[in-house]
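> Modelling step: build the complete structure from the supplied sequences, incorporating the hints.
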Amino acid sequence: MVEPVYRPDPHALLAPILACLPTAFASVRPPPALLPLLSPILRQRLQVSLDPRDSWLKLLCWDPDRAEILKDHVENSIFEPHPVSGEIEIGEIQSIAYKRLDDETLKCQIQLEDWAFTPIFLWCTGGDEGHGWKLAEILAAPELDDSWSASIAEANESANERMVEEALEVADAAQSGQEASLSRNEDDYWAQYDQTPSQTPLQKSSVTAGQHTASEADYYAQYGKVQPVMDNYDPNEEITNATEITLNGHVLHSSMGRLSEQPSERDPPPYQAGRDHAEERDGTYRAEKDNNVEVLHPVPDSPRSKGSSDAIARLEDEAERYNASEVGIRQHIGTSMKSMYRLAKSVGMDRDEFERIVHRELETLSILDRDD
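First residue of the sequence shown? That's 1016 in our numbering, and the numbers climb one at a time after it.
Simulated from the structure, these hints should not be mistaken for laboratory data. Small disclaimer: the values here were computed from a predicted structure and weren't measured. There's no promise every hint is true.
[As the list claims (entries may be wrong)] Across the chosen pairs, the derived CB separations fall in these ranges: (1) 1063 - 1371: 36 to 42 angstroms; (2) 1118 - 1059: 21 to 27 angstroms; (3) 1195 - 1372: 57 to 63 angstroms.
[As the list claims (entries may be wrong)] List of simulated lysine-lysine pairs, DSS-like, C-alpha gap at most 30 angstroms: (4) 1073 - 1086; (5) 1122 - 1086; (6) 1073 - 1114; (7) 1149 - 1122; (8) 1086 - 1114; (9) 1073 - 1122.
Virtual Cβ for every residue (Gly too), placed ideally from N, Cα, C.
Here it is, written out as structure tokens:
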């Protein structure tokens, strides 16, 4: 069940507060009667943040600059109790304004005509005192902005409108952020086309392809001019042999060879002296050509040089591993020292004490070296 919020009674709220304010110039602590009249957060502030060297009046205002002005206004005010009732008179009330911050926070501002300060009350629920208005702050001057309303209903309506406007602003900001993000993504997408080359690479003309085809045809046409090695019949070789036989005077033998029947497949081919001479000349030419070619033979490595190179490689590997191990050990020692120093600082140990402990441990290590 929602508890109703009633209008504040200025005389009932302000009379005990005004009676406690003059005690700030006589005592460094607020009077016990003032604490139940304060809101929980202001009461905690006076109990925790109290400075014995300064007046507690400054703690009644959350703004440090206005707190000094409030202290001066209270000091210059005249607190005279009523001759009959003995209470300090409040005087005329200029206005009472309300402000709703959220569903649980409702403030009330009471502007006084005879006093140079303005109290702000907060509607508090629960607690030992129950529901009611508690002092939240005392201002050196009233707040005259449009956020204050003349009634509680108007304050609630104004708060609802303000929350709707804030929600719309948040939605608009989120939508504008999404649109800006989409715009940036679109700009980045189209910017990729600006980074491409201005001219598209064209395909090569068909002239090159024709030249390539012609070159392949010329390449394979060379094999048509080559006489296979296993072919026994060579017209060019026959003409050459006939010329050589004529020069040697074997005309009759050559004529009879041409008129004779062709040998069967099982008979060996007839002996041709011209071919032997040609093969002999070709063999002589190949031998001379082979003699002119420089042959590079691999030089075997001597066992001594191979062993020395292996030993040098092993020494270099050991030196490299030793250097890497030494660097790693040095880094590990440095990291450990830094970690120990941070640990010592975390427990409040100063640097001199840490250095004394390290030196003492180093002296202990010298004793261990003597034992070894």
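> Are the hints correct? Go through all of them and say.
Against the structure, the hints come out as follows:
{"no.": "1", "hint": "1063 - 1371: 36 to 42 angstroms", "verdict": "holds, 40 angstroms"}
{"no.": "2", "hint": "1118 - 1059: 21 to 27 angstroms", "verdict": "holds, 23 angstroms"}
{"no.": "3", "hint": "1195 - 1372: 57 to 63 angstroms", "verdict": "holds, 59 angstroms"}
{"no.": "4", "hint": "1073 - 1086", "verdict": "holds, 6 angstroms"}
{"no.": "5", "hint": "1122 - 1086", "verdict": "holds, 23 angstroms"}
{"no.": "6", "hint": "1073 - 1114", "verdict": "holds, 24 angstroms"}
{"no.": "7", "hint": "1149 - 1122", "verdict": "holds, 10 angstroms"}
{"no.": "8", "hint": "1086 - 1114", "verdict": "holds, 25 angstroms"}
{"no.": "9", "hint": "1073 - 1122", "verdict": "holds, 20 angstroms"}
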